[in-house]
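Student: Chain A is already provided as a structure; the job is to place chain B on it using the hints.
The listed protein sequences correspond, in order, to chains A and B.
Numbering-wise, my numbering puts 214 at position 214 of the first sequence, and it's gapless, one number per residue.
Numbering-wise, my numbering puts 1131 at position 131 of the second sequence, and it's gapless, one number per residue.
Check the hints yourself; a few may be wrong.
Computed cross-link-like contacts, DSSO-like style, restricted to lysine-lysine with a CA-CA straight-line distance of at most 27 Å [claimed, not checked]:
hint	chain 1	residue 1	chain 2	residue 2
1	B	K1144	B	K1214
2	A	K108	B	K1033
3	A	K108	B	K1222
4	A	K23	A	K154
5	A	K336	B	K1033
If you only want the chain A side, here are some residues facing chain B, beta carbon under 7 Å, derived [to be verified]:
hint	residue
6	N24
7	K100
8	D328
By construction, these hints were calculated from the structure, which means they are not laboratory data.
C-beta atoms are modelled at their ideal positions from N, C-alpha and C, and glycine is treated no differently.
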Amino acid sequence: MKEDILVLGIESSCDETAAAVVKNGREVLSNVISSQIELHTLYGGVVPEIASRKHIEKINQVTEAALAEANCTMDDIDAIAVTYGPGLVGALLVGVSFAKSLAFALDKPLVGVNHIEGHIAANYIEAKELEPPFVCLIVSGGHTHLAVVEDYGKYKILGCTRDDAAGEAYDKVARAIGLGYPGGPKIDALAKEGDPEAIAFPRAKVGENGYDFSFSGLKSAVLNYLNSCEMKNEEVDRANVAASFQKAVVDVLVEHALTGVEQYGLHKFAIAGGVASNSALRKAFEEECAKRNIDFYRPSPILCTDNAAMIASAGYYDYIAGHRSGWDLNAIPNLKLGDGK
Amino acid sequence: MKLLALDSSGNVASVAVTEDDRLIGEYTVDHGKTHSQTLLPMLDEVKKMIELDLSSVDAIAIAAGPGSFTGLRIGSATAKGLAEALNKPIVEVPTVEALAFNMYGYDGLICPIMDARRNQVYAGLYRFEEDPDTEEGYRMLTVKEQFVGDFGELLAEIEAMQTKVVFLGDAVALHKETIKDTLHVPFGFAPANCNRQHAACVAALGRHLLLQGKSVAAGEHKPIYLRLSQAERERAERERAEREDGAH
Chain A
1 MKEDILVLGI
11 ESSCDETAAA
21 VVKNGREVLS
31 NVISSQIELH
41 TLYGGVVPEI
51 ASRKHIEKIN
61 QVTEAALAEA
71 NCTMDDIDAI
81 AVTYGPGLVG
91 ALLVGVSFAK
101 SLAFALDKPL
111 VGVNHIEGHI
121 AANYIEAKEL
131 EPPFVCLIVS
141 GGHTHLAVVE
151 DYGKYKILGC
161 TRDDAAGEAY
171 DKVARAIGLG
181 YPGGPKIDAL
191 AKEGDPEAIA
201 FPRAKVGENG
211 YDFSFSGLKS
221 AVLNYLNSCE
231 MKNEEVDRAN
241 VAASFQKAVV
251 DVLVEHALTG
261 VEQYGLHKFA
271 IAGGVASNSA
281 LRKAFEEECA
291 KRNIDFYRPS
301 PILCTDNAAM
311 IASAGYYDYI
321 AGHRSGWDLN
331 AIPNLKLGDG
341 K
Chain B
1001 MKLLALDSSG
1011 NVASVAVTED
1021 DRLIGEYTVD
1031 HGKTHSQTLL
1041 PMLDEVKKMI
1051 ELDLSSVDAI
1061 AIAAGPGSFT
1071 GLRIGSATAK
1081 GLAEALNKPI
1091 VEVPTVEALA
1101 FNMYGYDGLI
1111 CPIMDARRNQ
1121 VYAGLYRFEE
1131 DPDTEEGYRM
1141 LTVKEQFVGD
1151 FGELLAEIEA
1161 MQTKVVFLGD
1171 AVALHKETIK
1181 DTLHVPFGFA
1191 PANCNRQHAA
1201 CVAALGRHLL
1211 LQGKSVAAGE
1221 HKPIYLRLSQ
1231 AERERAERER
1241 AEREDGAH
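Excised from the complex, chain A in its bound form:
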């Protein structure tokens, strides 16, 4: 009897075309990512139509490479998992349509995966011992969610952003101080040269529950600061702006997240998503979790970025739970965490 379960994951929700083979939800046999980032840098951000066009040119090659690197063939694959939302609809449709017809022609089970759940599952790959329940903060260019992972595929959303995602705020501030796209890594690098206490930017508190986030006020405060400097003919210390802005973001994320961990009596906390590779954020959580005696989990940067290994991992848990998608699976651009279960 075959005991191992191999899942082929396919991801095309934004600007990375990716495919991966993962064994038993935890062991990455291959993780192939074709990034379009250089192309979109020309436009200062991801252009959906260009992203979709690139996905269709790369999807077969990326899939073939993932199988080859995993040293297996389609015959060895037990299920095909594909991101069907949230994300850019045209981009998602490439992966969804491709994965569907692949599964159809190979007579393999198809599992539609929520991209945000994929980000959370990146932690299962990184930390083989991690099991629910735990609290997870998902931060990326498109998402800022704080959730209790009660079980595999079962979530309780504590809070999310009321306006901009954390990564979006990074991109906007980076543009304002002339760093360009993508903002996250550039601000992170520049902030290392600045003083995080130099400028007092606001830490927004929104809503009753204390878990929701708001970053548009912070972004405006940075823009106002830059304007007032210009009016006064003062030179802007961009490193100080980057460091102080980043500190304001990190403070809020850490405070909300760890309050959640303690309130729910859990002692495990994980971060996920593109912004989870931010060095200041990782450091702040490392220190604060150590202080509060919380086990801290974070995926390696390669698993924080959009990738298909995390989709295959999340798909594995959906698959063994009996979830199957039909041939009418559609892309859902605004899919919510926990939807469709």
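Tutor: Only chain B this time, still in chain A's reference frame:
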């Protein structure tokens, strides 16, 4: 020779399976649902109905474009998945030519027109010529290759050719009055049975292309958009403006 053909270039979703000169099964709908909800379930239905063994298919024929960008990509990604799984080639059939093939044997000009938005059409001009060397007796000739552009200019070209013409495609409804008001040459409009995309046409033309050795590997295929994305267009315009500024 067995072909599995797909067309999701416009509002119509269509799948067909042909073997040589026989259409074994076709499923065509022109309905509001998105192609990602219809195309593969339709293929699944056809496959079951005709007890199709997918591995017996020689190639996947796809209406490769032009058309709705998203529609084209749903069809192309579906074709690429099938071709990848089955290890078969893809035959790229120009959408407008496949539309024209609906009017097989017609002795005037054939003008398929598809709405391209922005006051433009995807269109082309075709005619059939007798050719005893072919199996079917006629050969389709391209008078004007498929393009995206202004419909008024196309009408002027048709008028200048002094030949009768039949129109088909989803843009007919938009331009019928203009055609009636403008043209002096005899014209007509194809009826419901042959005025939209049919995957059977894609398969029939695809078979000709495949016999001529014209196919690509799954990984090589990409849609024929005939248009840049809006961002690329605007960037090109900006750069042109900057160059002109620099020249002055």
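Student: Would you mind marking each hint as holding or not holding in the structure?
Tutor: Hints versus structure:
1. K1144(B) - K1214(B): 21 Å, holds
2. K108(A) - K1033(B): Roughly 25 Å between the alpha carbons, so the hint for K108(A) and K1033(B) holds.
3. K108(A) - K1222(B): 25 Å, holds
4. K23(A) - K154(A): Answer holds: K23(A) to K154(A) is near 21 Å, not above 27 Å.
5. K336(A) - K1033(B): This hinted pair holds, its Cα atoms lying about 22 Å apart.
6. N24: 24 Å, violated
7. K100: At 5 Å from the nearest chain B Cβ, K100(A) passes the 7 Å test, so the hint holds.
8. D328: Where the cut-off is 7 Å and the nearest Cβ of chain B is about 5 Å from D328(A), the hint holds.
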